[in-house]
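*Asks:* Sequence:
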Amino acid sequence: MDEIEYKLNTNNSVLIVNAIDKLISTIKSKYKPIERQRFVNENEELKFLREKCSSKDAKVSLTACQGLLSLVELGVLEIAHTMSTVVTLLPSTHNYSAIISTMAGLLILDLKARLVPGHQYKCQFTLKSPQHPFITVLDKNKDAEGDVLAQMHALCTHPDYTVSSNSLELLRPVFFWLTCHPQRECSIRPWQLLLSLPPTTAQSSLLLACLSCQQIYNPALIERSFAAYSAVTEAAVYQQHREHVMALLPMLARVSSQLIKLERDPRSCYNLIERCFALDAPELRTVAGITLMLLAENLADTSALYLHELFNLCINIISKYEYSSLSLNVFVALSLQWLNLPSYLTASALKVASKILDIYQDNYKDDTRLHTPNLKANKTFQSLLYTDSHLSIVFKLNQNWERMRDNPDKLKSWLDSLATVNNEVKLELLPFLLGMVLEKRKEAWYEEVVVKVIRIVIDLVSYKKEVSVQLLPLLMYKIANDRCPAVRLECLRALPLMAKTKENVPTIVSVLNKLKANKGVPTSFLIMLYTSLAETQVRCFPYLQEMLVDPGVGKQDDLKWELDIAKAIAVDRICEIRPTSHGLECVSVISSLLNRCVERGGSVATSVCVRALGRLWRGAALAPHSTWTALQPRLARDNRPAVQVSICQLLGEVPSLRVPTPEFSRLASEGARRLWQWVAAGTVPEVVEAACDALSHYKIDDYKLCDVPEIYRKTVKLPPSYCKTPADAARKPEEVLDYIPCEIWPEVFKYTNQAALEGVQRLASRNIERELRAYRSGQYQHDPRQEPTGLQHLQPTSVARGLVDCFRKQAISPSYEFPDVVLLSMLRALTVEYPKPLPPFDVCFLPEVFHRGTDWRRGCVTLAARQAQVSQSARRILENYLQGVAAGTAEETDVLLIFEILPILCRGMPPNALRPPLERCLADSFAEISHVKAKKGEEKEYMFIRQMECIRLCLECDKIHDANRTLLSQIVEHYFSEIGDDNVAWPTYVSTCRSLSSKYLERMSSPSAWWELSPGLLRKAASLRGALATMRDCEAPLNWLNEIIDAQAMEITEQEFSLRCMVPALQAADPDCEPTRDWMLQLMGRTQVAFNETEDKSAKQYLCDVFTVCVVVFSGVWCVECDSTALVSSRAARRALLPPAVAVLLARPAWHSCTLQLLEWVSHSRGAVGDSGAAAACQRALLAARHAAPFATHSIWTRLESHFGRDIIVDE
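The sequence shown begins at 1 in full-length UniProt numbering and counts up one residue at a time.
FYI, nobody ran anything at the bench for these hints, they're computed from the structure. Note that the Cβ used here is the ideal one computed from N, Cα and C, for glycine as well. Careful, some of the hints might be misleading.
[Stated by the list, open to error] Taking lysine-lysine pairs in the PhoX-like style, the calculated list, with each CA pair at most 25 Å apart, reads:
| id | residue 1 | residue 2 |
| --- | --- | --- |
| 1 | K478 | K351 |
| 2 | K750 | K732 |
| 3 | K440 | K396 |
| 4 | K478 | K442 |
| 5 | K704 | K717 |
| 6 | K478 | K514 |
[Stated by the list, open to error] Simulated restraints on C-beta separations:
| id | residue 1 | residue 2 | range |
| --- | --- | --- | --- |
| 7 | A150 | D57 | 39 to 49 Å |
| 8 | K410 | L339 | 28 to 38 Å |
| 9 | Q556 | P633 | 31 to 41 Å |
| 10 | A681 | T661 | 46 to 56 Å |
| 11 | D366 | K122 | 24 to 34 Å |
| 12 | Y344 | S1129 | 53 to 63 Å |
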């Protein structure tokens, strides 16, 4: 050993090698295979050799490491043990190059040892455990990257084909670590090494895998990501690899967009894109359109410094290649905001922009080519497409457009569904929608499409006012250039709404002033626009005021009445939104209109002005009594019906403005007197009803008997207490009585215009309601054996007393003074829904009028039902009536009646009286439809359906007795097993079931409570629980889906149907509320447990489908799919939407707390489902969500490698 030590210290390479060789020979001579373990641990020479591997002398350490490798080749040491030994030397080594070269040699030996003829080699190392030795070195010493790359290059170019052909698989984790680590600085050298290798499938797959993980949304990593894309693209251009260039161009456009958003210079990216298009390859026309569309999005965020290069790049694309007209539309739509506000800084850029606008205007042609199929056929593009959520959404939109652009029904249906989605998704689709607005289609049906799209984008202004800056130039362009009047009209209406951003106000005012000066639109329409502008932007009111007060405004051919109505509507709107400020300034306009609009043609304008005064009253801007004093001479004698109605409505405001002053008392008395005059003398039913409705707001104490017209009080007599002497008896009642006697109310019904009896009925009902609210429990206490014959015991002011006594008298001994229509109206007033029943009285007289007709019978039975809570006689009448229905002898109208008044019956009748007729009627009506299937478009209404609807209304009523609620619930539960889900009554039945308590719903629809599962029962349960999950009054409605999901996983046949039932519930849920997020987390937990517990592949796929549908719906990305049924019917369609859906959902602030759990679920499910399609979708979802914070902080990125590198290109 001394000799060896001496030679190692000589610094002579020959002697060092000779010493190590002797050491190896000694070790080999002492080695006994049977004692390998003890020998490796205890042999002194081997210990000495390992020690010298960490020598400070580079020659010694390198030679010693070679010696270790030789011992492996000689069979003395094992590869794995030696690799572990080398790794343990890292902390103490002074020569990383020696260690790394030894590792490389060991990797080669391991590779050869693991190769099996006929089988593909798979690297056993990963990013974590077992960690690749090179990664371990790089973790310990970041300065060792050069040595590692040198050894990697040596392995990739090894002369032994066995090594070089498998080197990429051997080094796959290292390449991934070097190029994709989100928390270390990465150089361009790994990319250069990878690109320098011969192009093979393995090299392309690994290259795209590493490229797919670049984080272009991260400010700290954007330059590194661009450098990677730049290196790969440069290589593809140099090698004339057109397929790769075509695939990379859309991603480069996305990179340029992120460079701008993250405040980096995008010009080098623009230059790279231009070099790509300089290839003049015919294949690039496939990608020119979508690249142009993506570059157009830069216009909203770019600085003026980079604008010229962007316009130049895009005009070169437009000039050289074929593109879809929609992509040019998008670019023009977003460049209009720059053209709208030119400046010296953008002069040169806008010259190019003007040329692009000229191309749009002059060279339009219909789209006939399909670009997306060729692009989708590019496997490289497919591998990159889903790595960026926005790119995949834009591609899907283009794909949809090519499918829908000639199908008006499908296009309109898609826009209708888009209008319901959340605003964040609409914002992402905004450029595409603006492109649709600029589409110059000649078909008449497309005008309706443009109007729909304009309304969708205008709605976004209220959500994010900055959108108006982009939208205003587009609207102005459409107003100036569109040939369709409907589109121009819609744009003009939208113009004032753009004033939400104050920077737009000068432009909008300028346009409106030009319209005003040129008189290019009707003045009434112009007033409407100024009104909308003043409503949107408060400081624009003076422009409207100028329009309203200027007597010279308008054209000669303007219709006077139309102009007056427009002004009145404008004033009314201002008085509604700002009564105390600008409303007061409109009083002079109101006065002017009232003075001018005195003819019949001005009635509408006058009515609207009076309504505006009512708004000023409510806003406390005007004093009511002084206003009425000024109005009365002018309007009190106005005989125009519309004006009279408006005055009634104005006077109806008086009671709500009650103040304890003499002026108010005089106004209330005068207003009531005027209203009573219209009730008595009105010949127009609408005026009479309006007067009655206004009077219903007054208390009876607000007016006196003398205020009531004489025709109603001629039967009033002084009570005996007021007639103690002949002189007293000779007095007129209106001079003596200080109250309104009950006798007048039958006369009001009798002598009022019979066409307006519904208004009188509402007036009486309102007074009865006030009366009943004032009663205490003593009014309802009486001897049950002897009910009062009438209501004479009530106060003489009681409206109910007057109507009941009159109706009872006419029923028992008719005098025929009251027409039937009057008596029926009185009866309806008594049967209105009140907070309490009428005080008890004997109703035995009611059956005496049953024979007069259906309306009489309906009213009397309803009155008895309402009184059944407090009247024994009413209950007896109902019992007899129900017995007749239960016996099967009743007419259809009687059967339907008991269901219509079921909420009333269930308050006063016991269950044993209700059960027989209800069960008999339902059984008879169900027998008629038990085999009737639902047909699309069928409008026939069956009796059973009407009955179920009545039961639903009854169950929703909170006033019925619990015993009767139990009865109805049991009846509804019974039919769950009777009605098929394809029956014509099934939708109504489901709607009724939604009103049941959870006790019955669980018993009916819970698969865990059934004896056995069957497809039919599961369909019905899924349909019912899907409907229950749409309820808004439930804290966590989506919990209703849980049992169906669990049960349906084991039932293959109805899985698609269950998804169809879930989608409406998911769409109805608020995706950002806490119960929804909690339910989603619970779903992920339950599915992961199920993945571990079941071996059924179809069950796993179904659970994965449920998760996918939930994410796609909650994110709002479902609207991107043009086929509304594809989300349910096509597994491939929903999996294609999963990557962008995950990214969009996790980008929402409400879901940030769920990010880690969702990423963990997606990562786990790649291998848990056992399906290659599901694994690919989950892998793509992880890639799309790679910008989320936990991706780096919780090392989620390290899990990508296990599914990367070998099969990155997945065939669709």
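*Asks:* For each hint, tell me whether it holds in the structure or not.
*Replies:* How the hints compare with the structure:
no. : hint                     : result
1   : K478 - K351              : holds, 21 Å
2   : K750 - K732              : holds, 22 Å
3   : K440 - K396              : holds, 22 Å
4   : K478 - K442              : holds, 15 Å
5   : K704 - K717              : holds, 15 Å
6   : K478 - K514              : holds, 16 Å
7   : A150 - D57: 39 to 49 Å   : violated, 21 Å
8   : K410 - L339: 28 to 38 Å  : holds, 34 Å
9   : Q556 - P633: 31 to 41 Å  : holds, 34 Å
10  : A681 - T661: 46 to 56 Å  : violated, 30 Å
11  : D366 - K122: 24 to 34 Å  : violated, 53 Å
12  : Y344 - S1129: 53 to 63 Å : holds, 57 Å
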